[in-house]
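Those protein sequences? They're chains B and R, same order as listed. Count the first sequence with the working numbering and you get residues 1 to 132, in order. Count the second sequence with the working numbering and you get residues 1001 to 1236, in order.
Just so you know, these hints were derived from the structure itself, not from any lab. Some hints could be false.
Stated by the list, open to error - Per label pair, the in silico range of CB-to-CB distance:
#1 B/PRO49 x R/ARG1052: 38 to 44 angstroms
#2 R/ARG1209 x B/CYS92: 18 to 24 angstroms
#3 B/HIS96 x R/THR1084: 38 to 44 angstroms
#4 B/ARG20 x R/HIS1101: 26 to 32 angstroms
#5 R/GLY1198 x B/ASP65: 47 to 53 angstroms
Claimed, not checked - Part of the chain B face toward chain R, derived, beta carbon under 7 angstroms:
#6 HIS2
#7 LEU4
#8 ALA9
#9 LEU10
#10 ALA12
#11 LEU36
#12 LEU43
#13 VAL88
#14 VAL110
What you are looking at is a predicted structure, and each value in this text was computed from that prediction instead of being measured. Virtual Cβ for every residue (Gly too), placed ideally from N, Cα, C.
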Amino acid sequence: MHELALCQALIAEVEVVARRHRAHGVSAVRLVLGPLSGAEPALLQSAFPLAVAGTGLEGAILSIDPAPLRVACDSCGAESEATPNRLVCTACGDWHTRILSGDELTITGVELILEQSPATQGSMEDSAASHV
Amino acid sequence: MPVLKKLLERNDSVAAHNRAHFDAHAVLALDLMSAPGAGKTALLEATIDALRGELRMAVIEGDLETENDARRIRAKGVPAVQITTGGACHLDAHMVHEALHGLSLEGVDILFIENVGNLVCPASFDLGQHRDVALLSVTEGDDKPAKYPILFRAADVVVLSKADLLPYVGDFEPARAERCLRELANAAPLVTLSARSGAGMRAWLDWLRSELSARRMRAASTRLTIQPLSAAQPPV
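So that you can see chain R by itself, here it is in the shape it has in the complex (with noise of 0.2 angstroms):
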């Protein structure tokens, strides 16, 4: 008999659930994904190092084994829950949702939720993000975007990393990388930054903060206008 059903439905109805929780708490979340080692958890803490007493933020972290990731970004004065998946190369939705019960989101602006170090898997799980991160470390191909498409298509940032070592690797050619981005048809924006050196962090972290703003826009204009229909349902 003939169905239509989305395949990932129980994903991505979890999804919403996890997006409807971080609007109620006019949280931004964003969906950091790259290769392994391409310097996501590097970059949250120079992110959280420059943000300090500016905005607050929470992380979720996602590995096979280990807190050592938590562990740093705890270190740096920020709450963090760490998703160990064992054998899984992704988190999904319902993992989300279960570290959401130990991460208070109170006062929280925005959340990073640290994928699996993979190019591939994290692409097709939709985790409730509002924004989908993509880091490319400048030791990496610049044609990764052309290899990996179906991530780097979805990115709605691409941070190039690590910048600091492009004299040292020679051939990554930063203009070769935003092409194979636009091939996907992708309008994102290309940040080069280096973590480490402070190189390029600006236009990262004002990024970051137009998207909050755009965010709490949003919220606040819809807001205004569901109120009156949904006044008879209990608060989220």
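Chain B extracted, bound-state conformation (with noise of 0.2 angstroms):
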């Protein structure tokens, strides 16, 4: 159960960036979660109010959006669905594939409170400047 130490890992990250942006707090975070990243995202999204509490990322809404399992195939070329226990090829069988996609474990969006209150969302000038 590494899911907490994971958060901690999230909450960094996410405090680097509302730093930089001077928020006062962070309303919600986005993340992507493959089948592959080892992360479980029941197990993260139970984890992620206790690790948050007392940090600038508390009261934040945090949602996963899951990542979809390919594989290409380095015979025959095909690219097909795979679970993570069967990367094999689906159109010809072979075990010679490459994840497409599926490992993620990535942060995609963070909405930062700026003023005092209420709550806002970064702007488009913002997001803009702040690809990091």
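Grab the two chains, each in its own frame, and use the hints to assemble them into the complex.
And the structure:
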């Protein structure tokens, strides 16, 4: 159960973004999580409120977008859906495949509270200037 | 606002720092991972005995508690640092970085990092190692690669340990373990051995030697190509 450690890493990364924008808080965090990331969405969700208590992310909402698990076959070139313990090509059955997507553990968005109140979303100008 | 950041960016950057440290000392760093009791420490003991006088080794041991494993390694005359993680179920790059402060890599050929016995969490944290070693003892199920795909998918070599017990356990089929591994799109070699009897050790030792020489060749060619650019920087 390393989801608490993942939450702590998440907090550290988001706090860097929040500090850079002199945000007063963080209202939401969005992740993309693949089935091969080693993180369990439900466990992350339950660890998140505990981990953020007392940090700049307290009260933030965590949303998790699942990434599809897809492989490309080195033998026949086909792309297919896969499951975590069966990464074989569904077209020709060969196991010489590469992961196209499914191992992501990525922060894709944050909503910062830039005013004292009420909560506001980062503006487009902000986001354009702050691509990390 | 859109952000694109790896969640474990901080761990990964410390891991990259560790790897640069290993490379600067021309050390091959290996992360040993398995379920508790698969025989990681026993494999290290047998490896140390077999390579004594040929290669210099050092070990970082990860456990929740006790110095027992580090003591076993030191008893063989090899430097070992014990990381006790308290509650943590895995090593991370920061812990290894700390441990490196207590371990001289001068003259070391291979650094073994024995991770906490766990087939889940260690797979998520890069420590800076060059290669992943996964152990699967024949007293476990031969379908473990299918049950713990994330760890076994990333393994660069899979060691089927305690092979001297194969005749007694009866239902462990090395061929089935291999099939499960291939279905993870992993072409890693499978080495069946017994640290206790010594059977099969030669293939493991040969893998270590070939990885070490490949690492040295890569280090030599990298040094040749980057030296002019980094001449202005202080040595790492």
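Going down the list of hints, with the structure as the test:
The beta-carbon spacing between B/PRO49 and R/ARG1052, approximately 53 angstroms, falls outside the hinted interval of 38 to 44 angstroms. In this structure the supplied range 18 to 24 angstroms is violated for R/ARG1209 paired with B/CYS92, their Cβ-Cβ distance being about 36 angstroms. Between B/HIS96 and R/THR1084, the C-beta spacing of about 41 angstroms keeps the proposed range 38 to 44 angstroms intact. Under the hint 26 to 32 angstroms, the C-beta atoms of B/ARG20 and R/HIS1101, about 30 angstroms apart, fit the expected range.
The beta-carbon spacing between R/GLY1198 and B/ASP65, approximately 51 angstroms, falls within the hinted interval of 47 to 53 angstroms. Proximity of B/HIS2 to chain R holds as hinted, the smallest CB-CB distance being about 4 angstroms (cut-off 7 angstroms). A cut of 7 angstroms between beta carbons decides the hint on B/LEU4: the least distance to chain R is about 9 angstroms, and the hint is violated. Interface hint at B/ALA9: satisfied, since its Cβ lies 5 angstroms from the closest Cβ of chain R, which is below the 7 angstroms cut-off.
Because the smallest distance between the Cβ of B/LEU10 and any Cβ of chain R comes to about 5 angstroms, under 7 angstroms, the interface hint for this residue holds. Checking B/ALA12 against chain R by beta carbon gives a least distance of about 6 angstroms; that is within 7 angstroms, so the hint holds. Interface hint at B/LEU36: satisfied, since its Cβ lies 6 angstroms from the closest Cβ of chain R, which is below the 7 angstroms cut-off. Contact between B/LEU43 and chain R, as hinted, is not supported at the beta carbon level, the nearest pair being about 11 angstroms apart and thus beyond 7 angstroms.
For the restraint placing B/VAL88 at the interface with chain R, the shortest Cβ-Cβ distance is roughly 6 angstroms, inside the 7 angstroms limit, so the hint holds. For B/VAL110, the shortest C-beta to C-beta distance to chain R is roughly 5 angstroms, which falls under 7 angstroms, so the interface hint holds.
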